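Line order of the protein sequences matches chains H and R. In this text, residue positions in the first sequence follow this note's numbering: the first is 1, and each later residue adds one. In this text, residue positions in the second sequence follow this note's numbering: the first is 1, and each later residue adds one.
FYI, nobody ran anything at the bench for these hints, they're computed from the structure. Remember, it's a predicted structure, so these values are computed and weren't measured experimentally. Hints should not be assumed to be uniformly reliable.
Mimicking SDA-like on lysine to any residue, the simulated pairs with C-alpha atoms at most 25 Å apart in a straight line are [claimed, not checked]:
#, chain 1, residue 1, chain 2, residue 2
1, R, 737, H, 50
2, H, 273, R, 684
3, H, 275, R, 300
4, R, 737, R, 621
5, R, 50, R, 300
6, R, 448, R, 368
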Amino acid sequence: MRRVVPILSLMLIGSCDLNPDDYQREPNIYCFLSTDSTSVEVLAGQTAAVGDTIPIEFVFDTTVSVDPLTGDTSYYINTFWYYAWNGVEDARIRLSNEYSGQLLAGNSDSTGRFFADSIRVKRGETWTLEIIYPEGDTVFAQTTVPDSFEITYPEGDTIGEEDSLAWNSAMGAAGYAVSYLVWFWAENNDSIYVDTASFKYIYLYPGESRLYYDWWITWIEIVDSIEFSITALDTNACDYFWFARNAYFYLNPDDYMHIPGAVGLFGSATTVKTKRYVVKHLPDTGGIPLHMLVDK
Amino acid sequence: MLGMLVGSGVVWAAQTGVISGFVRDKESGEFLNYVNVYLEGSAIGSPTNKQGYYALSRVPRGNYTLVVSMIGYQEERIEISVKAGQKLRRDFYLRYQPLGVEGVEITAERTRFEHEVDIGVKRMDPRQLRALPGFIEQDLFRSLAMLPGVVTISDYSSALYVRGGTADHNLVLLDDIPLYNPYHLLGFYSTFVLDGIKNAELYTGGYPARFGGGISSVLDVEIKEGNREKIEASGEVGLLTSKLMIEGPLPGLEGSWLVSGRRTYLDAITWSIDKMTPMIDVYLPYHFYDIQAKVNLEASERSQITFSGFSGDDILDFQRMAGFDRLDFRWGNRILGARWRYVIRPNLLSVLGLHATRYRVSTEIVGVEDDSWYPEEKYTYNLHNSIGELGARWSFSWFPDYKHSVMWGAEYKHIQILNSWEEIDEYWDFYETEEGMWGYILVKDTFKEEFRDRFHQTAAWIEDKWEPSVWWVIEAGLRGTWFSRGNYARFEPRLGIKYRLTTDLALKAGAGLYYQYLFIPMPRDEMALKIPVQFFQMWMPAGEDFPPLRSALLTAGTEYRFKNGCDLSFEAYYKDMANITEADWFFDDEPFSDTTSVITGEGYSWGGEFLFKYGSSWVSYFYSVTKYRFGDADWFYPVHDSRHNANISLTLPISETWSFTGSWVYSSGFPFTGLLGWYQVMNPDGTVSWKPISGARGEFRYPAYHRLDIGLVKRFPIFKRGNGEFYLQILNLYARKNILFYTYYINPYSRVMDRDAQYMLPFPVPSIGIRARF
Numbered sequence: 001m002r003r004v005v006p007i008l009s010l011m012l013i014g015s016c017d018l019n020p021d022d023y024q025r026e027p028n029i030y031c032f033l034s035t036d037s038t039s040v041e042v043l044a045g046q047t048a049a050v051g052d053t054i055p056i057e058f059v060f061d062t063t064v065s066v067d068p069l070t071g072d073t074s075y076y077i078n079t080f081w082y083y084a085w086n087g088v089e090d091a092r093i094r095l096s097n098e099y100s101g102q103l104l105a106g107n108s109d110s111t112g113r114f115f116a117d118s119i120r121v122k123r124g125e126t127w128t129l130e131i132i133y134p135e136g137d138t139v140f141a142q143t144t145v146p147d148s149f150e151i152t153y154p155e156g157d158t159i160g161e162e163d164s165l166a167w168n169s170a171m172g173a174a175g176y177a178v179s180y181l182v183w184f185w186a187e188n189n190d191s192i193y194v195d196t197a198s199f200k201y202i203y204l205y206p207g208e209s210r211l212y213y214d215w216w217i218t219w220i221e222i223v224d225s226i227e228f229s230i231t232a233l234d235t236n237a238c239d240y241f242w243f244a245r246n247a248y249f250y251l252n253p254d255d256y257m258h259i260p261g262a263v264g265l266f267g268s269a270t271t272v273k274t275k276r277y278v279v280k281h282l283p284d285t286g287g288i289p290l291h292m293l294v295d296k
Numbered sequence: 001m002l003g004m005l006v007g008s009g010v011v012w013a014a015q016t017g018v019i020s021g022f023v024r025d026k027e028s029g030e031f032l033n034y035v036n037v038y039l040e041g042s043a044i045g046s047p048t049n050k051q052g053y054y055a056l057s058r059v060p061r062g063n064y065t066l067v068v069s070m071i072g073y074q075e076e077r078i079e080i081s082v083k084a085g086q087k088l089r090r091d092f093y094l095r096y097q098p099l100g101v102e103g104v105e106i107t108a109e110r111t112r113f114e115h116e117v118d119i120g121v122k123r124m125d126p127r128q129l130r131a132l133p134g135f136i137e138q139d140l141f142r143s144l145a146m147l148p149g150v151v152t153i154s155d156y157s158s159a160l161y162v163r164g165g166t167a168d169h170n171l172v173l174l175d176d177i178p179l180y181n182p183y184h185l186l187g188f189y190s191t192f193v194l195d196g197i198k199n200a201e202l203y204t205g206g207y208p209a210r211f212g213g214g215i216s217s218v219l220d221v222e223i224k225e226g227n228r229e230k231i232e233a234s235g236e237v238g239l240l241t242s243k244l245m246i247e248g249p250l251p252g253l254e255g256s257w258l259v260s261g262r263r264t265y266l267d268a269i270t271w272s273i274d275k276m277t278p279m280i281d282v283y284l285p286y287h288f289y290d291i292q293a294k295v296n297l298e299a300s301e302r303s304q305i306t307f308s309g310f311s312g313d314d315i316l317d318f319q320r321m322a323g324f325d326r327l328d329f330r331w332g333n334r335i336l337g338a339r340w341r342y343v344i345r346p347n348l349l350s351v352l353g354l355h356a357t358r359y360r361v362s363t364e365i366v367g368v369e370d371d372s373w374y375p376e377e378k379y380t381y382n383l384h385n386s387i388g389e390l391g392a393r394w395s396f397s398w399f400p401d402y403k404h405s406v407m408w409g410a411e412y413k414h415i416q417i418l419n420s421w422e423e424i425d426e427y428w429d430f431y432e433t434e435e436g437m438w439g440y441i442l443v444k445d446t447f448k449e450e451f452r453d454r455f456h457q458t459a460a461w462i463e464d465k466w467e468p469s470v471w472w473v474i475e476a477g478l479r480g481t482w483f484s485r486g487n488y489a490r491f492e493p494r495l496g497i498k499y500r501l502t503t504d505l506a507l508k509a510g511a512g513l514y515y516q517y518l519f520i521p522m523p524r525d526e527m528a529l530k531i532p533v534q535f536f537q538m539w540m541p542a543g544e545d546f547p548p549l550r551s552a553l554l555t556a557g558t559e560y561r562f563k564n565g566c567d568l569s570f571e572a573y574y575k576d577m578a579n580i581t582e583a584d585w586f587f588d589d590e591p592f593s594d595t596t597s598v599i600t601g602e603g604y605s606w607g608g609e610f611l612f613k614y615g616s617s618w619v620s621y622f623y624s625v626t627k628y629r630f631g632d633a634d635w636f637y638p639v640h641d642s643r644h645n646a647n648i649s650l651t652l653p654i655s656e657t658w659s660f661t662g663s664w665v666y667s668s669g670f671p672f673t674g675l676l677g678w679y680q681v682m683n684p685d686g687t688v689s690w691k692p693i694s695g696a697r698g699e700f701r702y703p704a705y706h707r708l709d710i711g712l713v714k715r716f717p718i719f720k721r722g723n724g725e726f727y728l729q730i731l732n733l734y735a736r737k738n739i740l741f742y743t744y745y746i747n748p749y750s751r752v753m754d755r756d757a758q759y760m761l762p763f764p765v766p767s768i769g770i771r772a773r774f
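Starting from the given sequences, assemble the full structure and let the hints guide the process.
Here's what the structure looks like:
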């Protein structure tokens, strides 16, 4: 019997289960530095365990309709909801680079959001973020802003099916995001005017080329002109934007986020814009495929 | 020296005789396997083999009582006198003697206890399997899952997981022919018609060298040969299916034939409901059927030829439904085989077999586009996925003396995997005639892609069962295989030893190496295993990228036979698995490469199994630990790792005409990859999303699974020569809510990160039916 008891105990220990309630909530942060931005926002929050309550904001939109025959007025209330940032109050946040640093102020209207207006982010700089949570958790993260780069193609003032969008590789860039702004002809009450629409993101890695079709730039009938923005992303931002968008059940934040002891992003980017190209109207072609090419 | 050995053998043979023959069922004339044949008061004895044949060689001259016995049959005893050099042929016809109550028997009689190693072997008599409660339909696989070492992971899937292996690690044989996908109704049921099955043996480990191709287990199922004495028919009407079996003697010839089949009528039931209730659209044009047949021709006393055939299909056929003109989806198995058994000498038996087997899935989708401007246009998609083989197998059984039985043989298989995709577009196009007029013409565009992979597999084996003394039984074997794809040659040694400490207590041990050249990668997605979607069986062959699966098994155990016929056995095992595979249906680490990848890994399983049985009832418990690892990832508990498992199966007579059956199954929680929590991400457009944080793979466990099923059987006569049975069964009697999986979601109104359990069968499920036999 003396031998049986330890064996049985070992067997029972071997069948012990992990309880989801054992999960320890982690700091959950977000800060994205960009060279084309004049302000910096840091979001400090927490992950949630199964069973936790999270902040959700509801928006009520009332639509009024009048029956043309009876003149009766009807009111329809449309309800929308969105997730608010699950932030923490009273976090102490310091953002600094090689030359200076400053404490960020909290936004009284939104828990967990902290702002700095006077920060200018430059290419090649290394920035440090330090967050001390009220409970004592400390988050320390760094990012180096990707260096400058040049968009080399297309030349001239027009862009068409045969053209490629190409740029040289930026030092410190792990990937690129391409967004674009189109000017298109729109109609309203028998008048024709030019409207704009912006789109992002298409992601590329260094050395990669892609052929990309988009509804807007292939619909040449109404597109007048187009302007591209190429954003070179550091590793943190590149992984975050791509994986977070595609995160599925088996992909955990630790697999693609690079902040020790926390979940989230402290990343940076350098953005370069092209000029505004006139879209070449070629009646026999299906549109303008976007050939994107990053030089190694 | 060799001359001396041979010479002494001749002298020895001259002093001895051979007794051999077949043992059959007196009523039907069917050959009976595992019948105990022994000379009373001596250590000489042997069970009949799969062909119902026994041979006692080198029996010293003298007078003996030859005893032939088997559970459920009247014992036969004859006095026999053996003279030097005599070859005595004695065939027996045993009379069936009902035990009073039907239930599962795991027949392990004295002779087999003394003469067989029997490590990890579970035998079931499907004639009595029917008494066990089944989910609407009795099922062989679900009954096997109540044996120690075997688990199923869901009420919705009958896939068997044996000693830590996955379902594709089981080799399933029907009359020695492999069945590649032995499931119906997306995995709910196995594909065997119980009425037409003679017996089923499940080797959960340590199986002999004549078997190869499954690294975890072998399920060896034999179709009945048919009644060679008279024409008989039996049938059953149940809630889901009806079955019919007809058997009889071959007219003008020595032999028998048997045809059995079943068909579901879910389509007819839902169609009737649909017609009666126009407001409700429940029609499901789905059914499955099985037909199995066997012809047994006994050409002479020494020669027997059998032909076996099986055809089973699941058919889902939508006509002008579900947005298609036609959606025809069918999958199923076909097998065809012939075996020639020939008694070359009384102590030498040969079996030559030829077979063809195929599992295929085919889908035909036809859509018709019809508008007012053009005549009808049609598009057709045909998807085909199949695996098939042609094979030949020749084996020999030699009984040189009563201490040895030697088997050897060879087999060859030509295997083909075919995946094809065809798209046919029929549309109207304009053309200009010679007169300058415009007309339109029907254009047919066809696109077809086909991937065909052919390869060869050969094997040769030899095994010897040797009883050096009355206390020892040693089974040693060696199997050599060659697989053309990747040019793999492998040797698989097998060893089994039994030592009897007393007349009633035996120790046994076994070891073996096993290779498998065809496999189905385990889905990374756990739900794909829990929810039955087992019609697309994407078998993959070993090759340069994927070496053959390998397992090494060590087993040790003990068996005690009580005087009153009870058996108590314990087996412990350790199994090491290499080159097992997993299919990751999600993208890999690189962005933009949304691909399917198959990776190899390793695993191990160990455990202990207790089994106490008495007649047709038993109690079992087994403890097991299974872990897998793929690629560089961490070790994890796969979904079928169940720590504690217990089964109680009872078959009790209430009266001469009533009987009760019940089974209770318990498994401590199965592992799953659960959700720890959620984290928030900021999207480029400034909105917040929540993403799941999963725990480590297989880290969580569901609550324990348990279920009680009961059944009542009432027997009654039908006219003068028939008999019938009415049965009532209730599954999940106490409405246990076993969890199939959890769903996680965010409830925006309560603002809570919530979790819901989805249950298997949360309520009692009754089932009734009637069987008749004439």
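Each hint, compared with the structure:
no., hint, verdict
1, 737(R) to 50(H), "holds (22 Å)"
2, 273(H) to 684(R), "holds (18 Å)"
3, 275(H) to 300(R), "violated (95 Å)"
4, 737(R) to 621(R), "holds (22 Å)"
5, 50(R) to 300(R), "holds (19 Å)"
6, 448(R) to 368(R), "holds (20 Å)"
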